[in-house]
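> Given next are the chains, with one letter for each unit.
2 protein chains.
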Amino acid sequence: MQTNKPTLYTCISPALLHLYDLKNAVVVIIDVFRATSTIASALKNGAKFIIPVDTVPKAIEISKKIDAIAAGERDGQIAEGLQHGNSPLEYTPEFIGGKTLVLTTTNGTKLLQMALDNNADTIISGSFPNLSAVCKYLVEQNKNVVLGCAGWKDRYNIEDTLFAGAVISRIKEHFSIHCDSSLTAELLYESHKDDIIGFAPKLTHYHRLVDRFGLIEDIRFCLTPDAADVLVVYKDGKLLAG
Amino acid sequence: MQTNKPTLYTCISPALLHLYDLKNAVVVIIDVFRATSTIASALKNGAKFIIPVDTVPKAIEISKKIDAIAAGERDGQIAEGLQHGNSPLEYTPEFIGGKTLVLTTTNGTKLLQMALDNNADTIISGSFPNLSAVCKYLVEQNKNVVLGCAGWKDRYNIEDTLFAGAVISRIKEHFSIHCDSSLTAELLYESHKDDIIGFAPKLTHYHRLVDRFGLIEDIRFCLTPDAADVLVVYKDGKLLAG
Chain A
431 MQTNKPTLYT CISPALLHLY DLKNAVVVII DVFRATSTIA SALKNGAKFI
481 IPVDTVPKAI EISKKIDAIA AGERDGQIAE GLQHGNSPLE YTPEFIGGKT
531 LVLTTTNGTK LLQMALDNNA DTIISGSFPN LSAVCKYLVE QNKNVVLGCA
581 GWKDRYNIED TLFAGAVISR IKEHFSIHCD SSLTAELLYE SHKDDIIGFA
631 PKLTHYHRLV DRFGLIEDIR FCLTPDAADV LVVYKDGKLL AG
Chain B
431 MQTNKPTLYT CISPALLHLY DLKNAVVVII DVFRATSTIA SALKNGAKFI
481 IPVDTVPKAI EISKKIDAIA AGERDGQIAE GLQHGNSPLE YTPEFIGGKT
531 LVLTTTNGTK LLQMALDNNA DTIISGSFPN LSAVCKYLVE QNKNVVLGCA
581 GWKDRYNIED TLFAGAVISR IKEHFSIHCD SSLTAELLYE SHKDDIIGFA
631 PKLTHYHRLV DRFGLIEDIR FCLTPDAADV LVVYKDGKLL AG
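In order, the protein sequence lines correspond to chains A and B.
Plus 430 on top of the position in the first sequence (first one is 1) and you've got the numbering used here.
Plus 430 on top of the position in the second sequence (first one is 1) and you've got the numbering used here.
Don't take each hint at face value.
Any copy will do: because identical chains look the same in the list, a pair fits if it lies in one copy or spans two.
[To be verified] Derived pair list, reagent style PhoX-like, types lysine-lysine, alpha-carbon separation capped at 25 Å:
id : residue 1 : residue 2
1  : K632      : K573
2  : K453      : K529
3  : K573      : K435
4  : K632      : K435
5  : K665      : K453
Since the hints were made in silico from the structure, they are not lab data.
Please read these numbers as outputs of a predicted model, since none were measured by experiment.
Can you make the complete structure from the sequences, with help from the hints?
So this is what it looks like as structure tokens:
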């Protein structure tokens, strides 16, 4: 059990984040449906940067000040008072290229703020669309890692844990991993990696997005590895392509 | 999605218990290694009843007052000041038959208190040794169910979730289940049900108990379905054979 490798833990709900030491760790914010998929999409398609904020009024206020696009969702829909939502497919190069986005979401933005409040060493964001970039960065950094699943209003969800499993499956030999959450994530991913999109209809969040809002194309994008393969780093209030 | 069946949820950490409505639910306290396995063992072997308490001094005080056996563990060992611990194998018919046990443990006792504080309708305790009794009771009651995993100091652990999966696997057709935690529990159980004891060395808690304290026989007992198949119901401060 003795090793000089850095540790890797998976935190399966924001309500458990306080159990992990973030001070010496790279924290990966994971909100597969859809915040961190949308963030990767927007940056891959040329957004200058993204400012994550916690409320709609703040999103509107900041976007006016700096001539940015205000966007966000609440409970899976475009938030009241905003014109743009949390669909990764909205952020085409034509729409977002060269622009700044101010984004507020239900779960991902909240977890990012919690990671900041808990003095995370470094924060990046990850989802299937930027899986390879996340893995490459974590191996290069050679620091402790906490894979932070945003979940749904503090409840565990499978899609975020599945992405944690995809990361673990690719880079586990570089880390010391003694964590039942990480083992569960890896087992879930290994059992379903050959047909993640076929597995998706079993997830509660799928029903929220597809049955209610018809967002099947969003789901497909969010579960496609390297569909927007860009490293996303949080620095001084901004999410930037790294 | 419309159904008249009662709901079933799995709560994978005590830190998430507040997310569930316990008022109209049977809550199953699950602490496989080892509290709820030991409780089943003691009651199956003839203990009159068990008084769960949160501190060692309280266990000693109550046991003196009512001429009971005080027992408990902290961090996997017999708690300081007590003569008996949390091993299900300690509680043979010769030792515990006709006696009362006052028990304090790291995780299970705490979760039970939380279920009380959250006004659970009914509380029972479950582990592999009383799997059939738990399933039979839940189906008969025809009420909403919350499978409450005690975890380890608020962290998720696999063994408690695995037991939740065993319950779900047996009785799912009687309930309406839309919960990613329950799906994960069921998938974990279905993947490992043919060799749960062979899977155990991968679990963090296994190392805590076996590598440090050599408790391999405890582990085997705790993972054996129906090794002490008795229904355990909490009523007026006591855990009783139902």
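> Taking the hints in turn, state whether each one holds.
Evaluated hints:
no.: 1; hint: K632 with K573; verdict: between (35 Å within a copy, 24 Å between copies)
no.: 2; hint: K453 with K529; verdict: neither (32 Å within a copy, 50 Å between copies)
no.: 3; hint: K573 with K435; verdict: within (8 Å within a copy, 48 Å between copies)
no.: 4; hint: K632 with K435; verdict: between (36 Å within a copy, 19 Å between copies)
no.: 5; hint: K665 with K453; verdict: within (15 Å within a copy, 44 Å between copies)
Of the hints listed earlier, the one the structure fails to meet is number 2.
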